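Here are the chains, one letter per residue:
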Amino acid sequence: MASNVLNRRDAWSYITFIIIVFYIIVLIFPLLSLLKESVTTGDGQFSLKYFAEFFSKKYYYGTLFNSLKVTIAVTVASVIIATPLAYIMTTFKMKGKIYLQILILISMMAPPFIGAYSWILLLGRNGAITNFMNDFFGVSTPDIYGFNGILLVLTLQLTPLIYMFLMGALQNIDNSLLEAAESMGYTGVRKIVKVVMPLLTPTILAGSLMVFMRALADFGTPMLIGEGYMTLPVMIFNEFISEMGGNDGFAAAISVIVIILALSIFLLQKYISNRKSYYMSALNPIEEKQHRGIKNILAHLYVYGFLSLAILPQLYVIYTAFLKTSGRIFVSGYSLDSFRVAFDRGGKALLNTFTFGAVAIVIVVTIAILVGYITVRRRNAVTNSLDTFTMVPYIVPGSVLGIALLLAFNSKPLLLSGTATILIIAFVIRRLPYTIRSSAAIVYQISPSVEEAAASLGASNMKTFFRITLPIMLPGVLSGAILSWVTIISELSTSILLYTARTQTMTIAIYTEVIRGNYGIAAALATILIAITVVSLLIFFKLSGKKEFSI
Amino acid sequence: MSISIEFKNVIKRYGDVTVIPGLSFKIEKGEFFTLLGPSGCGKTTVLRMVAGFNSIEGGEITFDGEVVNQKPPQKRNIGMVFQDYAVFPHMTVKGNVGFGLANKKMNKKEIEEKVLEMLDIVQIKQFADRLPKNLSGGQQQRVALARAIVMEPNVLLMDEPLSNLDAKLRIDMRNAIREIQKDVGITTLYVTHDQEEAMAISDKIAVMNQGKIEQIGNPQQVYQRPASIFVATFIGRANILRRKVRFENGEHYLYLADNYKIKTPQLAVKEPDKEMDVKVSIRPEEFIINTENNDGVDGVIKQSTFLGLNVHYIVTLENGEDVEIIQESTIDGTLEPNTKVKLKVKKEKINIFDDQSESNILRGVTNGL
Chain A
311 MASNVLNRRD AWSYITFIII VFYIIVLIFP LLSLLKESVT TGDGQFSLKY
361 FAEFFSKKYY YGTLFNSLKV TIAVTVASVI IATPLAYIMT TFKMKGKIYL
411 QILILISMMA PPFIGAYSWI LLLGRNGAIT NFMNDFFGVS TPDIYGFNGI
461 LLVLTLQLTP LIYMFLMGAL QNIDNSLLEA AESMGYTGVR KIVKVVMPLL
511 TPTILAGSLM VFMRALADFG TPMLIGEGYM TLPVMIFNEF ISEMGGNDGF
561 AAAISVIVII LALSIFLLQK YISNRKSYYM SALNPIEEKQ HRGIKNILAH
611 LYVYGFLSLA ILPQLYVIYT AFLKTSGRIF VSGYSLDSFR VAFDRGGKAL
661 LNTFTFGAVA IVIVVTIAIL VGYITVRRRN AVTNSLDTFT MVPYIVPGSV
711 LGIALLLAFN SKPLLLSGTA TILIIAFVIR RLPYTIRSSA AIVYQISPSV
761 EEAAASLGAS NMKTFFRITL PIMLPGVLSG AILSWVTIIS ELSTSILLYT
811 ARTQTMTIAI YTEVIRGNYG IAAALATILI AITVVSLLIF FKLSGKKEFS
861 I
Chain B
60 MSISIEFKNV IKRYGDVTVI PGLSFKIEKG EFFTLLGPSG CGKTTVLRMV
110 AGFNSIEGGE ITFDGEVVNQ KPPQKRNIGM VFQDYAVFPH MTVKGNVGFG
160 LANKKMNKKE IEEKVLEMLD IVQIKQFADR LPKNLSGGQQ QRVALARAIV
210 MEPNVLLMDE PLSNLDAKLR IDMRNAIREI QKDVGITTLY VTHDQEEAMA
260 ISDKIAVMNQ GKIEQIGNPQ QVYQRPASIF VATFIGRANI LRRKVRFENG
310 EHYLYLADNY KIKTPQLAVK EPDKEMDVKV SIRPEEFIIN TENNDGVDGV
360 IKQSTFLGLN VHYIVTLENG EDVEIIQEST IDGTLEPNTK VKLKVKKEKI
410 NIFDDQSESN ILRGVTNGL
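Protein chains in written order, with our numbering: chain A, 311 to 861; chain B, 60 to 428.
Just so you know, the hints here were simulated from the structure itself, not pulled from any lab data. Be a bit skeptical, because a hint or two may be false.
Taking lysine-lysine and the DSSO-like style, the derived pairs with C-alpha atoms no more than 27 Å apart in a straight line are [what the hints assert, rightly or not]:
(1) A:K367 to A:K379
(2) B:K153 to A:K773
(3) B:K405 to B:K329
(4) A:K605 to A:K405
(5) B:K130 to A:K773
(6) B:K163 to A:K773
(7) B:K303 to B:K320
(8) A:K773 to B:K168
(9) B:K192 to A:K773
(10) B:K241 to B:K173
(11) B:K164 to B:K134
(12) A:K773 to B:K263
(13) B:K192 to A:K852
(14) B:K134 to B:K88
(15) A:K605 to A:K403
(16) A:K367 to A:K346
(17) A:K773 to B:K167
(18) B:K134 to A:K773
(19) B:K173 to B:K134
(20) B:K320 to B:K401
(21) B:K173 to A:K773
No experiment lies behind these values; they were computed from the predicted model shown.
Chain B with its partners taken away, still in its complex shape:
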């Protein structure tokens, strides 16, 4: 029942405006695939094209090799979960979950059995006869999920299903979704703008920006080795600094300050230019406040915020740039504003990008496309 989905140069236009200029990627059978991006990047449009609610102006979408461009949504055998739940307000929980099955010419007893079994899986069996208005948001979304999965669809499509829920419920539900998806083994296309949610739930993440995919990879890849500056800043926080790489004595050195350079053998630059401009992405946790020796970039603490587990600093570097730093909190260890500090970085973690193209120039990093 699970299928693979392939996009071949898919184009979406609204009138004269091209929203998706040509998208190609593949979702494997049984994979939990997430489209992640800021609002307006086209991720929901892509999902709705898979569902059949949006037309396709160019290229093709295939389910297991079969082109579905012209198939109406009713015939695609999809299950869809919406941001606003979209449960039928005039039907009971049972009525909602059984709605699609009744279309399939199943007899009443069979439907009843399947519905109850599904309600058990999503843990809302006790509400079977309630109307949606008597359910909480989380419970309604479970109804929507059950309603979609009970149809044994080829693919499960989820459009920001958790964004209307409160923070704690969001985490419970995302675990539930992940678990159920793994149990049922259904190919899932998931859309979200929440990068933490995407990382927690996905096998693979496609980071989208302005109708294009910037990178496809597993959660570790997109976080640790972002293919572009956009990915680095959209997923997690990152300090982006413009610096120079110099070639000296047969080695590349990244100059973070005039008096602080680090060796960067992992750079995939072939021609040993004498000097090149780069952008460096350093996440707040990739800085080390050096208290042992005199190594590092000079800086002054501008602001410090105690957050329990961590302390969050803003440090002004000697050239006037502000950077964000996160350190694990220690007893009596919080530094006060105006304290002078030396900053080192975790060399193997930072990422270096070409100054012009803003794509990652570390060896072995690809955008996965």
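Just chain A, with the same shape it has in the complex:
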């Protein structure tokens, strides 16, 4: 119920205003700069020549099709793998279920390009498995570079994402619905097809969108494993950073094309899911059952098989970190030398990662709490537009945002390029949509009457917020903040454009060492990053007491 008396102008109006100004400066202005750059020539004339160029050469527009092809393939494969995974994990009694859940999470949260680089170590031209198969069986393994490699790495990385969505949705399906279906003669596969799948459709669509956006925007994987198979983010990066002087305008034009593509997919998904959404809340959630025989074995094989594949690259990276190296080559025997060098060279990067991450997290949490509150409790035209603003980064790939920020902040008075500030801004903007959504969801769950009770007891609006609403929100927001932290420390696609020698982060350091071929040091750095991720996630589990979360 709208309570218009509470909506009188108060401190919240000013907070709303300040946040809108913040968004205009760090998001809208850069995106407009990007758009301007894409449609002007060097001498400031309006021109669509970059777009014309893009669509006239196969080398360029072929990249668009490459991106679309691999992104769609990843999305479809993730849905196909994740759906049985979630169904089995919900309805089957699995051995070691808690550990399975945690491992699935870890495989999702680990930086994707580490997966890519690890698969190269395993299945690449000189990979461990490749050599093993060749030496012992004389069999050649399928080519891991290009489309196949990107598909493999991203699918393993993003399947857990849809899986998380599906687990949430399955928990909201009331068991009585399934029992009702069974009582009407729908069992087994027919039950799943006729009842479970339709109920999951909106969730699958939402999850697919998320996977699509991530796959489309991913830079590290295609960069490392794609080789000749160029995707849009890689091309944007190459055009912008090109050693032959780079072409900002062309990179900007490709960026605009990517945004338009992402936006159309976003709107399409929204259109479809608006027509197919159900509100569900289960009184009797589906219970897991002990299954027997072949069904049970197959279920275990499926889940354990997927997880082994998903976690294998991380494990192999950790293993190689302890190998003895001679120059760039792994030799037999174990040592901690890689770690020694890693701390030596990457100490600064480690420190940067922690500092930037911590500052970004504080800003993200603060803004997310405020915006979450404003958009739920103070609904009006202004806060609705703020809500829309905050969702924009969702469809802007990291590399595009990086370029936009560089174009916007490369001259005085807003000269930020090369500073830590611009990196932190990028982290904040990229993570905010997710954190805002989860904090808004938390505010939704707080009954407005709790705040009205405080008001009726004489507490001012601000006091009500700080003494009542904020303390109730905080536990949920903080456990969400840990997840944001994990994503921020594994961010690559924006930082690779924004970093300088002074502001190098862990992911950049790993990437640089991989490119240089220093696999031992890269593995040691990656192991440290994986360790931080795992510890953070364990803290998250401890804090939230949950075995799953919304992204």
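For chain A, the structure is supplied; the task is to place chain B on it using the hints.
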């Protein structure tokens, strides 16, 4: 500390929709006043306007004569109890009850004393240091009540405070609320859709329908002499029958059937029309199953349900209408379906309404507005 509240032609709109088209009534000092009506009738809106959570689009609300339309809730000195308790989940019982007092710049010792005293009154002193999640619904609602009353507010506002509790607890709590309200003597505005609860607890009841008050009166008045058909059917159960009143030999007669008429001298109809259409409201307990003589409306028992204290019948009258009847149960006295019966009514209890306006046309009955 207790005040009177007056509504003068108060209007509430949401956009273009007028929810309350113009409401005027007065709540006296110390009165327990209940707004009773079906969901969506606007009763909660009215309560929230008194609290200051809803704006007022026209007219004025006064506390002891002072207009409060523009005062924010924080400044109105109200105590509010919500349907979902709205206790602060992160504070102990003591913390909850002391929250408002801490705003009043009282020292810690004073607050502690007042809080404990209040917890004693609502009988939850033993839970003082617990968090709300460790309390039952009834106990949480006591915390909410204590939290509101400890502020010594001008008016206590309660929005369906008992509807989340189970049936037995509801009765305990409503007695407790009534008792505490009487002790403290605080003006109380109470909102409910439960007519039995309203009758048990209130000094005065305002029956609302579609944003308007149909009748204000004490519980007896609204039950026994409902001002309109709506009130008659909303409070308790009533059989509404369309019948005729005829003027014969200087007297009014209500024809319940062709062969059964009753004299109705209490009708407030001035012009002795030859014949007029009326609606008659007869509550199930106002029928008498006549076993002594041949007087009454002919009917056949269609269904009988034994409910312990009472027996509940549905009887089909000779013209095909079904009516509900409640009789006290007797040993071996329950009538079987298909039994033919003669029905009389308790003349002085039934109510007669104008057929068109549906307002009560018995002498001396008003809507109290």
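Going down the list of hints, with the structure as the test:
1. A:K367 to A:K379: With Cα atoms ~18 Å apart, K367 (chain A) and K379 (chain A) stay inside 27 Å; holds.
2. B:K153 to A:K773: Cα-Cα ~19 Å, so holds.
3. B:K405 to B:K329: Status holds; Cα separation ~24 Å.
4. A:K605 to A:K405: Holds - the C-alpha atoms of K405 (chain A) and K605 (chain A) are around 14 Å apart, at most 27 Å.
5. B:K130 to A:K773: holds, 18 Å
6. B:K163 to A:K773: holds, 13 Å
7. B:K303 to B:K320: holds, 10 Å
8. A:K773 to B:K168: holds, 22 Å
9. B:K192 to A:K773: holds, 23 Å
10. B:K241 to B:K173: With Cα atoms ~19 Å apart, K241 (chain B) and K173 (chain B) stay inside 27 Å; holds.
11. B:K164 to B:K134: Since the Cα atoms of K164 (chain B) and K134 (chain B) sit roughly 15 Å apart, the hinted pair holds (cutoff 27 Å).
12. A:K773 to B:K263: violated, 37 Å
13. B:K192 to A:K852: Holds, because 20 Å separates the two Cα atoms, which is no more than 27 Å.
14. B:K134 to B:K88: Holds, at about 19 Å.
15. A:K605 to A:K403: holds, 12 Å
16. A:K367 to A:K346: holds, 23 Å
17. A:K773 to B:K167: Roughly 19 Å between the alpha carbons, so the hint for K773 (chain A) and K167 (chain B) holds.
18. B:K134 to A:K773: holds, 14 Å
19. B:K173 to B:K134: Holds, because 21 Å separates the two Cα atoms, which is no more than 27 Å.
20. B:K320 to B:K401: holds, 13 Å
21. B:K173 to A:K773: holds, 22 Å
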